[in-house]
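Trainee: Here's the letter readout for the chains.
There are 4 protein chains.
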Amino acid sequence: MKLRIGIIGLGRIGKIHYNNIMQRLPEAEVTQVAELRRDGLPTDLPFVEIDELIDNPDIDAVIICSPTDTHADFVERCARAGKNVFCEKPLDLSLHRIRQTLQVVQETGIKLMLGFNRRFDPNFLKLRSLVEEGKMGEVQLVKITSRDPGPPPLAYLKSSGGMFLDMTIHDFDMARYMMGKEVVQVYAEAAALLGGEIEEAGDIDTAVVTLKFEDGSMAVIDNSRKAVYGYDQRVEVFGAAGMAKVDNNTPDNHQYFNEEGAQASLPLNFFMDRYTESYLTEMEAFIRACKDDVAVPVAGEDGLQAARIAVAALQSVREGKPIQL
Amino acid sequence: MKLRIGIIGLGRIGKIHYNNIMQRLPEAEVTQVAELRRDGLPTDLPFVEIDELIDNPDIDAVIICSPTDTHADFVERCARAGKNVFCEKPLDLSLHRIRQTLQVVQETGIKLMLGFNRRFDPNFLKLRSLVEEGKMGEVQLVKITSRDPGPPPLAYLKSSGGMFLDMTIHDFDMARYMMGKEVVQVYAEAAALLGGEIEEAGDIDTAVVTLKFEDGSMAVIDNSRKAVYGYDQRVEVFGAAGMAKVDNNTPDNHQYFNEEGAQASLPLNFFMDRYTESYLTEMEAFIRACKDDVAVPVAGEDGLQAARIAVAALQSVREGKPIQL
Amino acid sequence: MKLRIGIIGLGRIGKIHYNNIMQRLPEAEVTQVAELRRDGLPTDLPFVEIDELIDNPDIDAVIICSPTDTHADFVERCARAGKNVFCEKPLDLSLHRIRQTLQVVQETGIKLMLGFNRRFDPNFLKLRSLVEEGKMGEVQLVKITSRDPGPPPLAYLKSSGGMFLDMTIHDFDMARYMMGKEVVQVYAEAAALLGGEIEEAGDIDTAVVTLKFEDGSMAVIDNSRKAVYGYDQRVEVFGAAGMAKVDNNTPDNHQYFNEEGAQASLPLNFFMDRYTESYLTEMEAFIRACKDDVAVPVAGEDGLQAARIAVAALQSVREGKPIQL
Amino acid sequence: MKLRIGIIGLGRIGKIHYNNIMQRLPEAEVTQVAELRRDGLPTDLPFVEIDELIDNPDIDAVIICSPTDTHADFVERCARAGKNVFCEKPLDLSLHRIRQTLQVVQETGIKLMLGFNRRFDPNFLKLRSLVEEGKMGEVQLVKITSRDPGPPPLAYLKSSGGMFLDMTIHDFDMARYMMGKEVVQVYAEAAALLGGEIEEAGDIDTAVVTLKFEDGSMAVIDNSRKAVYGYDQRVEVFGAAGMAKVDNNTPDNHQYFNEEGAQASLPLNFFMDRYTESYLTEMEAFIRACKDDVAVPVAGEDGLQAARIAVAALQSVREGKPIQL
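Chains as they are written, first to last, in the working numbering: chain A, 1 to 325; chain B, 326 to 650; chain C, 651 to 975; chain D, 976 to 1300.
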């Protein structure tokens, strides 16, 4: 029998999950959808109110893709209704609120999976599998480059919690995922080099963050809100026995040579193109965890840890010193 | 209204088209399927007999994925029933039979599209678009490497028409597609270097084929039925103003370095993985041509020309000399 | 007339300069050499005592390749003797001593060039020229990976001044060179992850150093004393208008594919192979500056700045906080 | 004691050998030079007449870099004078004349090495060593791309013997070298696609040549006299156990990314830059063979075989059919 899924929020990400489930994941189906703004959406979707969806006994699991400030609330309500939940990151901008929600999750015994989709990207999966196979030996350094093609709209920026909680949080999760260890110290150097709206909003657009792990190993993340050449997502892992790295994906692998030089295609420019596979694989993993009643691969605790690092990074910038976790 | 499609033959390729249409091409739907061997197929598929499918007035177009020796017959029957047809290559192993079929297609005025899916691969599309934009100037040479990971089963080999008509035919089409010109001469050097079954079956497994075009430009194709490192599909175009080439696709782009050397992933090993996108895009093109009533991008004539070259290549091997077309 | 050069110290680096001048730089010649340990050196070299070399009126310029703790002294003596000087880095392990020496250099008006040879590597020259042409726009971040194939002997380590003054100093210079700006703050995270001798010697072997420049732009350097796959020297420059990076050089560019995967050659493993060209080009630049009486491309001040950053990095590790310069 | 070498002909190639020996090959020295056109050459070179050089008992070996039509004559005179000879390719444009000369070489027992320098290029050496180590298994196909950045002057073209004997002869040698087997059949397709002078001179500028070896394995060579993007020299070897290929060398390995695309450097454009190392290594090999009295790595027979293939290729074009050797 198919897993019956309700989706709360049918914006950009909600639609990705909807289509993946309906078209490519035969083990599940979306049976209800809650979305306030239905302009431009097909009218034949099974729309319901949020409460109805959460309380519906014929829904097995809920995917939460609504705005960040609703995440914690919806997760708790779903948990109390006994639904397994897949929630987009972050759980909340407040560590206190996240901890409250995780408490509810634990009490109710539901499964909560966080949407750190990049863990499921074929490149990063390969890198992690090399680490797990011991190909790198003891890992000494993880390097993550993560640059967006352009900054989000000001309205989004203002409610985003700032670059670390909105954007770098993916990289904090990636560092923990690659290392398989916990971060004990964070130092962040950041600036608003693009000027304009971002600076006025009190946010930053460029950062270098150094993480120290329990055993002295390190990670370094560099971020920019704007790379003119596109969406730049690279990871390198260096260890006692070897080094491995993954590069960006491109729409094709052509090389063109003329008098001017050698030319090639830019990286895939849009996160939905870059991470097409990862969204599919993560949802497949969630569905499998629900159906087989096994642990989800990205737990609520992972969301908490990434958020803790993000908050510490912000504190590091403000206080101009490394922060202990 | 969706284009209503019937599929004849639900083997490996038939299933690809079925799934692409049902899951990813909302402009069409498969309403009937004809397949003699239904073992292992879902029982809830809309199976009918072939005649019923062809004669069904509620079917707009037919996809033919049955064995090669049925293609010409089914195309003709569909044509007479007024259906547009998408047919896997080759139309037939006999040039005479192909010409007969194209005659029927012409008389009935239906659309016939041939399954030269590689034209729709993102890499080759990019290469062709560079040619069309004039980036290569006058094209002087096209180079195609096309190697299979391993030979097909003997039974398949025996009814395949030989390597040129079965495998190289894709490359002959690719050469014509890249050049946008007609071949006037073929010289083929070939051998059964793998020995065993292929040699006993009187077939070849390794070849270098040189094509000459109307204007003196050339193409060279190298084939092998067995590349131990996987499915090798590369194309290069060289012209007066530049050169461009495309390489294989890999499952990920990791590089791993240890004392032994630098290592990376092999090419995608299976034609269905390598050409996932091309199968989708070609079917989308067929559906669009049917719905908008415009010309198909790969016509029956393209099938005839590729087959003519294949037959000439075989003759060249047998007679040990170049063959004029 | 050829520039007449004396070399003090004919160890590994001294020999490189000797051979480059005698074989490949016809504008100059080595007329005297001072070296205490002459075992294994050709007996027909023009050996003299250090004093004789420095005081020789027929010597136009002196190359100093003796141990670090003699650099400042020899530079000053050469300066007072009116010789132009090329000195290997670092000038000294003490900033105070460096400043004294630069004072003497300034008073005597000689030319002093520091041996930051990597600036002359074809890859890094290309990167710098892209920055100068404005191809990156305003530079926001420089990333430097610098890993040695293995740690130096313990004896060397003990007198080296530690990893930052011995090894990272090249990277500090590279960051300044690429940016064309001064560093105002340093934060270094470091550890002795290899254990053993290095840890016992109180030194570190792994580090991530973040630099902040006057205008808020940043650099990040990651170092290791031991990369099992060889000598790893890569630089990336990211700016408002573009990004450029250079990779390692390899002894050949072959790719080999078999069932196991795709394989390629490791980076050139030895600094003298990796930087063959840069040693030649830097010496050519020194000779030209002497003969044409123009400014040297790497001045004593560059040595001071790099050493200041190195000392600050060490202080940052000790105090666990960023250090202002 | 140093090997005493005389050079006949101090044009472009002669100068390369002169400089390599004098600057980088301490086991030998050039003691005499014969060159009719001394304009622009240093006047302090040890110039003598050709006869004097050949008859000089204090010369151990002679390097012949004079025009092609003098090669056979000078080789024979050197042979009769008992000198070992290094001769640039080809030995002669006439197979008959080459055979005569080899007869004299054999009778006199001197060493004759042919200047197929590309065998000594680090990339091709690596490829050959992979073949020798059995990494490719039984080799089934060698692919060679060889394109010049631009055609030579008309005067040169006219006395060159045509593209096959002048340019492709290097590739014929490379095919034999990689395979370690003899060619039994040649088929060449060629054209003058560049038009102009080359066509008027009755020569060709573009060709695809297919070679068949004793055991049915094959090689395919594609040539052009003009590649706008530079000097293109690539080789691929495909066998039962694997495939390996080498690409062009570039002046640096930078990659630059902006809105327009990803850009990189073109191949080294000039044969003297591309093959710098190979000229040095081949001369080192010749000197070693002379001094140790062992066989030269590229024998006169290799010159004969390459020339035989070139002559057959030309015949193939003229007669429009494959030629048996």
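The set of hints was computed from the structure by calculation and includes no laboratory data.
In this text, all values refer to a predicted model and were calculated from it rather than measured experimentally.
Treat the hints loosely; a few may be bogus.
What the hints assert, rightly or not - Partner residues aside, some chain D positions facing chain A, computed with beta carbon under 8 Å:
(1) P1017
(2) G1236
(3) F1246
Claimed, not checked - When the alpha-carbon atoms are kept at most 20 Å apart in a straight line, the in silico SDA-like pairs for lysine to any residue are as follows:
(4) C:K876 x B:K570
(5) A:K245 x C:Q905
(6) C:K876 x A:G216
(7) A:K226 x A:S160
(8) B:K570 x D:D1222
(9) A:K321 x C:V834
(10) C:K785 x A:G150
Every residue, glycine too, gets a C-beta built ideally from N, C-alpha and C.
Trainee: Take the hints in turn and mark each one as holding or not.
Mentor: How the hints compare with the structure:
For the restraint placing D:P1017 at the interface with chain A, the shortest Cβ-Cβ distance is roughly 35 Å, beyond the 8 Å limit, so the hint is violated. Checking D:G1236 against chain A by beta carbon gives a least distance of about 5 Å; that is within 8 Å, so the hint holds. The criterion of a C-beta within 8 Å of any C-beta in chain A is not met by D:F1246, whose closest approach is roughly 18 Å, and the hint is violated. Our distance criterion of 20 Å between C-alpha atoms is broken by C:K876 and B:K570, whose separation comes to about 38 Å.
With a C-alpha separation of about 18 Å, the suggested pairing of A:K245 with C:Q905 holds against the 20 Å cut-off. For the given pair, C:K876 sits about 16 Å from A:G216 by alpha-carbon distance, which is consistent with the 20 Å threshold. In summary, the hint linking A:K226 to A:S160 is supported, as the alpha carbons are separated by about 16 Å, within the 20 Å threshold. Restraint check for B:K570 and D:D1222: satisfied, since their Cα atoms lie roughly 13 Å apart, inside the 20 Å limit.
Restraint check: the Cα-Cα separation between A:K321 and C:V834 comes to about 15 Å, which is no more than 20 Å; the hinted pair holds. With a C-alpha separation of about 19 Å, the suggested pairing of C:K785 with A:G150 holds against the 20 Å cut-off.
Checked against the numbered hints above, the structure violates hints 1, 3, 4; every other hint is satisfied.
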